[in-house]
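Q: Following the hints, complete the assembly by docking chain B onto the known chain A.
Chains as they are written, first to last, in our numbering: chain A, 10 to 258; chain B, 6 to 154.
Heads up, a few of these hints could be off.
Label pairs and their computed distance ranges (CB to CB) [stated by the list, open to error]: (1) B:S144 / A:T130: 30 to 40 Å; (2) B:T50 / A:T207: 51 to 61 Å; (3) B:S74 / A:G24: 22 to 32 Å; (4) B:Q59 / A:V190: 53 to 63 Å.
Chain A is faced by these chain B residues, among others (derived, beta-carbon under 8 Å) [stated by the list, open to error]: (5) E66; (6) W68; (7) A133; (8) I137; (9) E151.
Rather than coming from a laboratory, the hints here were simulated on the basis of the structure.
Predicted model, so just to flag it, every value in this text is computed and none were measured.
Idealized CB from N, CA, C, for every residue including glycine.
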Amino acid sequence: MTQVLLFARARELAGTRSAEISGTTVAEVLIQAEQLFGPEFAELCASCSVVVDDVLVHRFEYATASAGAELAILPPVSGGSDHVTAQAGPELRVAVLTVSDRAFAGEYEDLTGPAVEAVATSRMEATVVLRAVVADDRSEILRILTEWCEGDQVDLILTNGGTGLARRDVTPEATRQILDVEAPGITELMRAAGLEHTPLAALSRQVAGRRGRTILLNLPGSVRGATESLEAVVHILGHACETARSGEP
Amino acid sequence: MNARGDAPATPKIVSGIESDPLNAAALVDSVRRDDCGGIVVFEGTVRSPNHGHQVLALEYEAWEDRAASQLHRFATEVAIEFDLGAALAVHRVGRVEVGDPAVVIVAVSVHRDAAFQAAAALIDRVKAEGWIWKKELRSDGEIWIEGCD
Numbered sequence: 010m011t012q013v014l015l016f017a018r019a020r021e022l023a024g025t026r027s028a029e030i031s032g033t034t035v036a037e038v039l040i041q042a043e044q045l046f047g048p049e050f051a052e053l054c055a056s057c058s059v060v061v062d063d064v065l066v067h068r069f070e071y072a073t074a075s076a077g078a079e080l081a082i083l084p085p086v087s088g089g090s091d092h093v094t095a096q097a098g099p100e101l102r103v104a105v106l107t108v109s110d111r112a113f114a115g116e117y118e119d120l121t122g123p124a125v126e127a128v129a130t131s132r133m134e135a136t137v138v139l140r141a142v143v144a145d146d147r148s149e150i151l152r153i154l155t156e157w158c159e160g161d162q163v164d165l166i167l168t169n170g171g172t173g174l175a176r177r178d179v180t181p182e183a184t185r186q187i188l189d190v191e192a193p194g195i196t197e198l199m200r201a202a203g204l205e206h207t208p209l210a211a212l213s214r215q216v217a218g219r220r221g222r223t224i225l226l227n228l229p230g231s232v233r234g235a236t237e238s239l240e241a242v243v244h245i246l247g248h249a250c251e252t253a254r255s256g257e258p
Numbered sequence: 006m007n008a009r010g011d012a013p014a015t016p017k018i019v020s021g022i023e024s025d026p027l028n029a030a031a032l033v034d035s036v037r038r039d040d041c042g043g044i045v046v047f048e049g050t051v052r053s054p055n056h057g058h059q060v061l062a063l064e065y066e067a068w069e070d071r072a073a074s075q076l077h078r079f080a081t082e083v084a085i086e087f088d089l090g091a092a093l094a095v096h097r098v099g100r101v102e103v104g105d106p107a108v109v110i111v112a113v114s115v116h117r118d119a120a121f122q123a124a125a126a127l128i129d130r131v132k133a134e135g136w137i138w139k140k141e142l143r144s145d146g147e148i149w150i151e152g153c154d
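Next up, chain A with everything else stripped away, as it sits in the complex (with noise of 0.2 Å):
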């Protein structure tokens, strides 16, 4: 067991001072924490610094950080918040590529990309980079997928859109075509945490993985699917990306 200490807002959303949760990672505490102490609380964790037996532990270690005995949730002092922020490391650059048909012909407004974006810039620290909307097009998804993937610009990839069964979905495809090595792992989680709203999941079709320093995911079309899916795995890609950047170019 864990002892969380809980200061100011945190404090006074979570109805307490401190809160024995259980789990080995600060991951694990903190998702515990946020299923126990509600949405608010949860939407304010995002922007909290996290103090394990004395140490600042950084975003990005979130996954792999052993939860220890005493984890303080400390929202953002009053001077301080450009310091925090630079304190929590460097930023997790994204791209969200929607790939859709009729987003493309502009018969409908693209809602699932800005909804992955929100996900990303509000529970990763994240800033979009680039984004587009394409065709269900698999040479067109190639195309910018790689150029993407080119000159270190990007941290992570998130495509959303042409994942499922239906014959013009090449989404995956595309992805594992310029994929250097594929991550299982995420989709399976991914697909696990869908499962426990609809078996349609089970259709689902994303892959997972890195090429060069980039991690690519895709993500659903629909802007449910695709937000719940990110917020399945949001706490483990900014580990994923760490390490994808780690080590020599």
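A: Showing chain B alone in chain A's frame:
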């Protein structure tokens, strides 16, 4: 030793988290010294109005033992960096009324330049890094201030 060769050998450090009202004059007296000719005092006081809201008071909360050791460390590091004769950083917790000091910073130096710079550096550090939060008690509600205001 600084370039002028006349900096005090050992800076005096005063720091703390206080739940009672701060007496800035008494705090300044605690760090005066004859070998220093410049004392810069910063008082951070509770202001009203703020962003168009009438403020009744501020309620400060700290991670008390950590914030106390942070203030001591910030004051020590700034004193060393600027060759101060003394550095003081004391912060309130609890309810602080409009016009009253929430924080007092004092930098004591042989000459004034270092004292001005050090006082600015020290309050910036306390505000940005100290585990101290404030809730604004307004005539129309309460709000935690998170991030730069």
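Q: Next step is simple, just say for each hint if it's right about the structure.
A: Hints versus structure:
1. Hint check: S144 (chain B) to T130 (chain A), Cβ distance near 34 Å, so the stated range 30 to 40 Å holds.
2. For T50 (chain B) and T207 (chain A), the hinted distance range of 51 to 61 Å is satisfied, since their beta carbons lie about 57 Å from each other.
3. About 28 Å separates the C-beta atoms of S74 (chain B) and G24 (chain A), a value consistent with the hinted range of 22 to 32 Å.
4. A hinted range of 53 to 63 Å for the beta carbons of Q59 (chain B) and V190 (chain A) is consistent with their spacing of about 60 Å.
5. Residue-level restraint check for E66 (chain B) holds (minimum Cβ-Cβ distance to chain A is 5 Å; threshold 8 Å).
6. Using the Cβ-Cβ criterion of 8 Å, the hint placing W68 (chain B) at the interface with chain A is satisfied: the shortest such distance is roughly 6 Å.
7. Satisfaction of the interface hint for A133 (chain B) is found here, the shortest Cβ-Cβ separation to chain A being roughly 4 Å, below the 8 Å cut-off.
8. Taking 8 Å as the C-beta contact cut-off toward chain A, the hint placing I137 (chain B) at the interface holds, the least distance being around 6 Å.
9. This hint holds: E151 (chain B) has a C-beta 4 Å from the nearest C-beta of chain A, less than the 8 Å allowed.
Checked against the numbered hints given earlier, this structure breaks none of them.
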